[in-house]
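With these hints in hand, go ahead and build the complete structure from the sequences.
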Amino acid sequence: MKTNTEVVILGGGLAGLSLARQLKLTMPDIDIVVLEKNSFPLSEAAVKVGESTVEMGAHYYANILKMKKHLEKEQFFKLGLRYFFPYNNNEDITQRFEMGSAQLPTPVPTYQIDRGRFENALYDINKINGITILENCKVQNVILSENKQSQHDIIYFDGQNQKTIQATWVVDATGRFGFLRKKLSLHVPVKHDSCAAWFRIQTVIDVTEWSDDPQWLARAPLGQRYMSTNHLMGTGYWVWLIPLASGSTSIGVVYDPKIHDNSNFKDFEGTLIWLNKHEPQCAKHIDKHRDKLQDFRFLKQYAHSCTELYSNNRWFLTGEAGVFADPFYSPGSDFIALGNTYITDLIKRDRNQECIASRIVCYNKTLLTYFDLLLSHFEGHYQNFDCAYLMVQKILWDTICAFAIPYLLFFTQKFCDLNFMQQTGLPALMRYQTLTYQVQAYFKKNNAVYKKIKLEKAFLNFSDIIHSNYFNGSIYRQLQRYYKYNNAALKIEIEKNIFLIEKIAHDILTNKAIIPLFFLENEGNDSELWKITKSQLTLAVQNGW
Numbered sequence: 203m204k205t206n207t208e209v210v211i212l213g214g215g216l217a218g219l220s221l222a223r224q225l226k227l228t229m230p231d232i233d234i235v236v237l238e239k240n241s242f243p244l245s246e247a248a249v250k251v252g253e254s255t256v257e258m259g260a261h262y263y264a265n266i267l268k269m270k271k272h273l274e275k276e277q278f279f280k281l282g283l284r285y286f287f288p289y290n291n292n293e294d295i296t297q298r299f300e301m302g303s304a305q306l307p308t309p310v311p312t313y314q315i316d317r318g319r320f321e322n323a324l325y326d327i328n329k330i331n332g333i334t335i336l337e338n339c340k341v342q343n344v345i346l347s348e349n350k351q352s353q354h355d356i357i358y359f360d361g362q363n364q365k366t367i368q369a370t371w372v373v374d375a376t377g378r379f380g381f382l383r384k385k386l387s388l389h390v391p392v393k394h395d396s397c398a399a400w401f402r403i404q405t406v407i408d409v410t411e412w413s414d415d416p417q418w419l420a421r422a423p424l425g426q427r428y429m430s431t432n433h434l435m436g437t438g439y440w441v442w443l444i445p446l447a448s449g450s451t452s453i454g455v456v457y458d459p460k461i462h463d464n465s466n467f468k469d470f471e472g473t474l475i476w477l478n479k480h481e482p483q484c485a486k487h488i489d490k491h492r493d494k495l496q497d498f499r500f501l502k503q504y505a506h507s508c509t510e511l512y513s514n515n516r517w518f519l520t521g522e523a524g525v526f527a528d529p530f531y532s533p534g535s536d537f538i539a540l541g542n543t544y545i546t547d548l549i550k551r552d553r554n555q556e557c558i559a560s561r562i563v564c565y566n567k568t569l570l571t572y573f574d575l576l577l578s579h580f581e582g583h584y585q586n587f588d589c590a591y592l593m594v595q596k597i598l599w600d601t602i603c604a605f606a607i608p609y610l611l612f613f614t615q616k617f618c619d620l621n622f623m624q625q626t627g628l629p630a631l632m633r634y635q636t637l638t639y640q641v642q643a644y645f646k647k648n649n650a651v652y653k654k655i656k657l658e659k660a661f662l663n664f665s666d667i668i669h670s671n672y673f674n675g676s677i678y679r680q681l682q683r684y685y686k687y688n689n690a691a692l693k694i695e696i697e698k699n700i701f702l703i704e705k706i707a708h709d710i711l712t713n714k715a716i717i718p719l720f721f722l723e724n725e726g727n728d729s730e731l732w733k734i735t736k737s738q739l740t741l742a743v744q745n746g747w
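In terms of our numbering, the numbers along the sequence shown are unbroken and rise by one, the last being 747.
The set of hints was computed from the structure by calculation and includes no laboratory data. Where is the CB? At the ideal position from N, CA and C, for every residue including glycine. Relax, there's no trap hidden among the hints.
Computed list of lysine-lysine pairs in BS3-like fashion (alpha-carbon distance at most 27 angstroms, straight line): (1) Lys705 x Lys654; (2) Lys239 x Lys468; (3) Lys656 x Lys646; (4) Lys275 x Lys494; (5) Lys567 x Lys693; (6) Lys329 x Lys204; (7) Lys502 x Lys460.
Label pairs and their in silico Cβ distance ranges: (8) Gln342 x Lys714: 51 to 61 angstroms; (9) Lys693 x Lys490: 51 to 61 angstroms; (10) Lys275 x Thr712: 42 to 52 angstroms; (11) Ser245 x His389: 22 to 32 angstroms; (12) Arg492 x Glu697: 52 to 62 angstroms; (13) Ala643 x Gln503: 19 to 29 angstroms; (14) Lys654 x Phe279: 35 to 45 angstroms.
In C-alpha cells, the structure reads:
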C-alpha cells in the first residue's frame, strides 16, 4: 500500500476523477492517489446534480479530457435549453409561451450526462492509466505542511484500519462536504438562498407526449423536445426535466424559500403534492410512474463561496468543495473545467520548480470574480421567473455575455496565459462584470413594467434570435473555430464582443426591449412568434420600450 505520492485528491466524484484524468494527460509520469468514500461501479442515474452540460463544460469533458467517444456513444446529445412559461393553471403545455431551438442550437455539441455512467467511465480509464483509486475510504484529517520542504499528511480510514499517506499536493474534491473548506474556515455564505428537491424516475418522461396538437408538435425538429433540458417556469421556481441515456428521467424543483415553503419538499410525496398544485400536467405524468421512483434528495441553501481556492502552500479546492452558484444555466461543470485547469497548470509549473505565487493570486481573483458575476444572474431573480417577456431578454443577455467573454477565453486556453489575461482577458471580464451588474439590477428594478406585457401561446426560436444581425451569430462560430485564433486575432474578436454586449446593455438600460427591436426589424416574418403579436409589440414601443 502506498504511503507516499505526489498528488492526493480527496473525493472521486466528477470533479476529482476529472482532475485526475487531466493531470495524467498533461503529465503522464505524475503519481496520483484518489481517496473515495464510495465503491465502484456506481449505479446509473446516481442521485447527483450536474447532468446537463453547456458549451464550456461539454468542451472540457469531450476535448480536454478526451472523453468524446464515450459522450457520443454512451450519453445523449443535448438539444439546448428550452423554457415553458406559465399559462393559467399550467394544465396545457401548448398554451404556454415556449422559448427553445427548432434545430441544434450551436456548432459546439453539448450533452445530457448520466452521472453514474460517466463517473464509472472516468474511473475505468483512470485505473487503466495507472491512477490509484482507493475506494470505501473516509478522510479523517489532513495535516497541512507549513513549508514546501515537507509533505502533507492525509489520514484516512479504509474500513478496517487507519492509514496515512503523504503527498506534495492535496486537492479537496469532496463536493458540498468541503473537507478543507471547513477545516480552514474558508466558507463564505452568499445571499442567494434558493433550495432544490430532485429525484429520478426509471422511465422516459417526454414533454413531447403531453399533447398531440400538430401545430405545437411541428415547432420542434423530429419531435425532439425530449432531448432538451426542459424548464417549466413559474413564480419563484423552475422545474427541470433531463433525459438520461440509461432510460431514466431526472426531475428537479428549484425554488425561492421566501415564496415556496421548504416544508413542501421534505420527501417525494410532498414534492408531488406541490407539483400537482403548480405544475399539474407534469405531476400527472410523474404520478403514473411513481412505482419507478429511484431516489429523492432535498437540499437547502445550496449556494456558497469561499475565501480562496488555490494556496501557495500546495493545497487546492475544486468543484462544489469550493464554490457553487445555482443549477439554472447548468454552470457546475464549467467551474469544474476552469478550476481543474487552474490546478493542473499550478501543479505542472510547481513541479517544474517555477514560482507560482503570482499565478495563485491571479487564479483566485479570476475564478472568484467569475463566480460573483455568475451569482448576480440568480440572486433576487427567482421572483421574476414567471415573466416570459423579462426572462427571454435576461436569458439572451446572460447567454450572449457568457459566450462573448469567459467561454471564448476558455476555449482558446487563455485563462492560464497571464500576459494575455492582464492585457485583454481580465479587462474584458471586468467590463462584462460592470455591465451585467447594471443590467441585472435593471431587470429586478423594472420587473413590474415587464410584467405588463404577456407572452403566451407561441414559440420563440432561440437559434434564430442568436444568429440574427442584432445579436451577431458569429459568437457561436467563434467557439467552433477557437483553435484558429492567434493572440492578435483573439484580441480583435474580444473587442468586437465587448462592443456587442455594450450595445445590448445600452438598449436594455435605455428601455429599448431587444426582442421587439429584433422582430420589428424583420417585419413580414411569418414565424410563429408573430402570433404574440404585433399589437403587443406596438404597445411596447408606445410605452417607450
